[in-house]
Amino acid sequence: MSAAQTTTADLPPAKQKTSPGAGSASTGTPGRPRRKGSGATPWLLLAPCLLIIVLIMGYPLFRLVSLSFQKFGKSELWGFKDPEWVGFDNFSKILGDGVFWSVVLRTVLFAAGAVVLTMVVGMLIALLLQKVSGFVKILISIALVASWGMPIIVATAVFKWLFDADYGVLNYLLSKLPGVDMVGHNWFASGPQGLAVIMLLVVWGAVPFVVITLSAGLTQVPKELEEAARLDGAGAWGVFRHVTLPILKPIIVMLTTLSVIWDMGVFPQVFVMRNGNPEAKFQLLTTYSYQQAFTVNDYATGSAIALVTVLLLLGVVAVYMRQMLKIGEVE
Amino acid sequence: MTPTTAPAAPAAPLKRVKKSKLGWNVIGLLVFVIVGFPVYWMLNTAFKPAKDAIDPNPHFFPTTFTLDNFRRALEISDFWGPVGRSLIVSTVVVVIGIAVGMLAALAISRFAFRGRKAVIVGILAVQMIPLVAMIIPVFLLLNDLGQYDKLTGLIITYLTFILPFTVWTLRGFIVNIPKELEEAAQVDGCTPTGAFIRVVFPLLAPGMVATSVYGFIQAWNEYLYALMLMSQQNQTATVWLGNFTTLHGTEFAPMMAGSTMMAIPIVTLFLVVQRKMAAGLTAGAVKG
Chain D
1 MSAAQTTTAD LPPAKQKTSP GAGSASTGTP GRPRRKGSGA TPWLLLAPCL LIIVLIMGYP
61 LFRLVSLSFQ KFGKSELWGF KDPEWVGFDN FSKILGDGVF WSVVLRTVLF AAGAVVLTMV
121 VGMLIALLLQ KVSGFVKILI SIALVASWGM PIIVATAVFK WLFDADYGVL NYLLSKLPGV
181 DMVGHNWFAS GPQGLAVIML LVVWGAVPFV VITLSAGLTQ VPKELEEAAR LDGAGAWGVF
241 RHVTLPILKP IIVMLTTLSV IWDMGVFPQV FVMRNGNPEA KFQLLTTYSY QQAFTVNDYA
301 TGSAIALVTV LLLLGVVAVY MRQMLKIGEV E
Chain W
1001 MTPTTAPAAP AAPLKRVKKS KLGWNVIGLL VFVIVGFPVY WMLNTAFKPA KDAIDPNPHF
1061 FPTTFTLDNF RRALEISDFW GPVGRSLIVS TVVVVIGIAV GMLAALAISR FAFRGRKAVI
1121 VGILAVQMIP LVAMIIPVFL LLNDLGQYDK LTGLIITYLT FILPFTVWTL RGFIVNIPKE
1181 LEEAAQVDGC TPTGAFIRVV FPLLAPGMVA TSVYGFIQAW NEYLYALMLM SQQNQTATVW
1241 LGNFTTLHGT EFAPMMAGST MMAIPIVTLF LVVQRKMAAG LTAGAVKG
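Sequences listed follow chains D and W, in order.
Per my numbering, the very first residue in the first sequence carries number 1; after that it's consecutive.
Per my numbering, the very first residue in the second sequence carries number 1001; after that it's consecutive.
Some hints could be false.
Distance condition first, Cα-Cα at most 35 angstroms in a straight line; then the derived DSBU-like pairs of lysine-lysine [what the hints assert, rightly or not]:
id, chain 1, residue 1, chain 2, residue 2
1, D, Lys137, D, Lys223
2, D, Lys131, W, Lys1276
3, D, Lys137, W, Lys1150
4, W, Lys1021, D, Lys223
5, D, Lys71, W, Lys1150
Computed beta-carbon distance windows for the label pairs [what the hints assert, rightly or not]:
id, chain 1, residue 1, chain 2, residue 2, range
6, W, Phe1065, D, Asp97, 27 to 33 angstroms
7, D, Ser175, W, Phe1065, 24 to 30 angstroms
8, D, Lys93, W, Pro1202, 57 to 63 angstroms
9, D, Asn277, W, Arg1198, 56 to 62 angstroms
10, W, Phe1065, D, Val120, 36 to 42 angstroms
11, D, Gly98, W, Phe1060, 27 to 33 angstroms
12, W, Pro1202, D, Phe80, 56 to 62 angstroms
13, W, Gly1189, D, Gly58, 39 to 45 angstroms
14, W, Ser1020, D, Glu279, 45 to 51 angstroms
15, W, Gln1233, D, Ile142, 53 to 59 angstroms
16, W, Leu1029, D, Ala234, 25 to 31 angstroms
Treat the hints as calculated values from the structure; they're not laboratory data.
By construction, the Cβ of each residue, glycine as well, lies at the ideal position given by its N, Cα and C atoms.
Okay, chain D solo, but in the shape it has when bound (with noise of 0.2 angstroms):
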């Protein structure tokens, strides 16, 4: 990193893309100095690791393809029968199934709903917490990283208990309020309150990653910037989505995404939440999948399933992928 790049890093990357390179002959794209390559070096450093990337990604990779397409049930597990290849049959036993498509439409609403309000809270206590007093922020701080750092697992067992039926202590809460009655009000008798439960569960778990990395992009939001717009006449929403939003926008791409990722992911805690045996209701397209291999001991309609899943996921990828490859460019 030159000295110039060093010293104006704290800009968005569309400016830093357009600092001259200083001048050193690497065989990088002018403009980005690095480390002449000396060819093999940088293979040897990355062989180890792209090894065991290969060897414990790959393979199975290809295995999960190469499922779906066979017919794999509990003799081919055990090896009493090779597997038989069945072309597609697997995915339009489950595309022609209604089941199917109601869990894909459920997950879709899941993930949109825990990755909108996971960005929209997270944005809203990152602004907050630029407005609160000191010690405040130290007891927000605090609570936020002991709900980051809390295990999912733990968690999950946490939120069961505050939404428990009988002892829950929310449902005293609510009962509380004038006109609501939730005594011995049941969440998960209702897919989608037990859903929303979940939801919740897994936006308290996001927020605190959200709103630190937010806070940090805030800081490098310039003054002057948001002095300029509000001499200009601007309000404080003006500010926000003239000047804040588009230099937080690269990072807001990337939470984005990343939310995504790992919403559409989400397992553990509706398993846990509904003791390892997620009722019809409850499925999303990752314990549905579990539920298809591990249960009715169909690993290759489990796999095509697991299959759709990465494929839906790879055009949210594609976009953060673009992000990363611009961080990965300057250097």
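Once you've looked at the hints, dock chain W against the given chain D.
Here is chain W on its own, set in the frame of chain D:
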């Protein structure tokens, strides 16, 4: 006129500032209570007598402290076995992850070479595949290799998510160390390797500690693979927590004690490194 209004003028905005802060502080305290409540309720339940936990009028503030729930939690099923296994798995995963990840992070952050982009994309893409999608083939693979229900099998699978994370985070830390320092050392007669070991490595140490701790926590917290790839006899700490729910219902007070035992060391470790981690994780994002 002027002498009387002059001192009043600065006082008015000052008051307004105070007043507006007060409003924000009230909202802030509310956020604190809401965000922190689940944690508080876990601790509150863990330390009060089990019969108070199921009182229809919840006890919001501790009156009687007891450690009975912890005793009960330790009785429900072997606790130290799972904890020991989690410790072994997480430690080995982190040691391998840091050693291998460090070299890779160095390659992508300090060298320009053909295919660098492809490597970055590859490492990031691996991070993006949901673990759940891989569980079926991983299960079959370990089954074929005779590694099902073995700690080594679990360690190998954990590397799939620890390694990409380690590479990407360490990259963030390395990028933050100015190259000029290394170059200066080389001008003074160091070899590139010598310059790295003497100059960059000490500056990187805090980042490596943070990354290790964070990776350790991630491995410690993993649930799905631990559940699927280990039998009841060889379960790890996260799966142990499931023992509180039986056919007869959930024992919530001991469960909260168990949760506390699992969360407190992790949250404490997390508190120690989170500032550093946030810096490393956001280095790329903010500076990109």
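Outcome of the hint check:
1. D/Lys137 to D/Lys223: holds (20 angstroms)
2. D/Lys131 to W/Lys1276: holds (24 angstroms)
3. D/Lys137 to W/Lys1150: violated (45 angstroms)
4. W/Lys1021 to D/Lys223: Measuring from Cα to Cα gives roughly 19 angstroms; hence the hint holds.
5. D/Lys71 to W/Lys1150: Given that 35 angstroms is the threshold and the Cα spacing comes to 28 angstroms, the pair holds.
6. W/Phe1065 to D/Asp97: 27 to 33 angstroms: violated (54 angstroms)
7. D/Ser175 to W/Phe1065: 24 to 30 angstroms: holds (28 angstroms)
8. D/Lys93 to W/Pro1202: 57 to 63 angstroms: Holds - the Cβ-Cβ distance for D/Lys93 and W/Pro1202, about 59 angstroms, lies within 57 to 63 angstroms.
9. D/Asn277 to W/Arg1198: 56 to 62 angstroms: holds (57 angstroms)
10. W/Phe1065 to D/Val120: 36 to 42 angstroms: Holds, since W/Phe1065 and D/Val120 (Cβ atoms, about 39 angstroms apart) stay within the stated range.
11. D/Gly98 to W/Phe1060: 27 to 33 angstroms: violated (47 angstroms)
12. W/Pro1202 to D/Phe80: 56 to 62 angstroms: Holds, at about 59 angstroms.
13. W/Gly1189 to D/Gly58: 39 to 45 angstroms: Check passed, 43 angstroms falls within 39 to 45 angstroms.
14. W/Ser1020 to D/Glu279: 45 to 51 angstroms: holds (49 angstroms)
15. W/Gln1233 to D/Ile142: 53 to 59 angstroms: violated (39 angstroms)
16. W/Leu1029 to D/Ala234: 25 to 31 angstroms: Holds, at about 29 angstroms.
In summary, the numbered hints that this structure violates are 3, 6, 11, 15.
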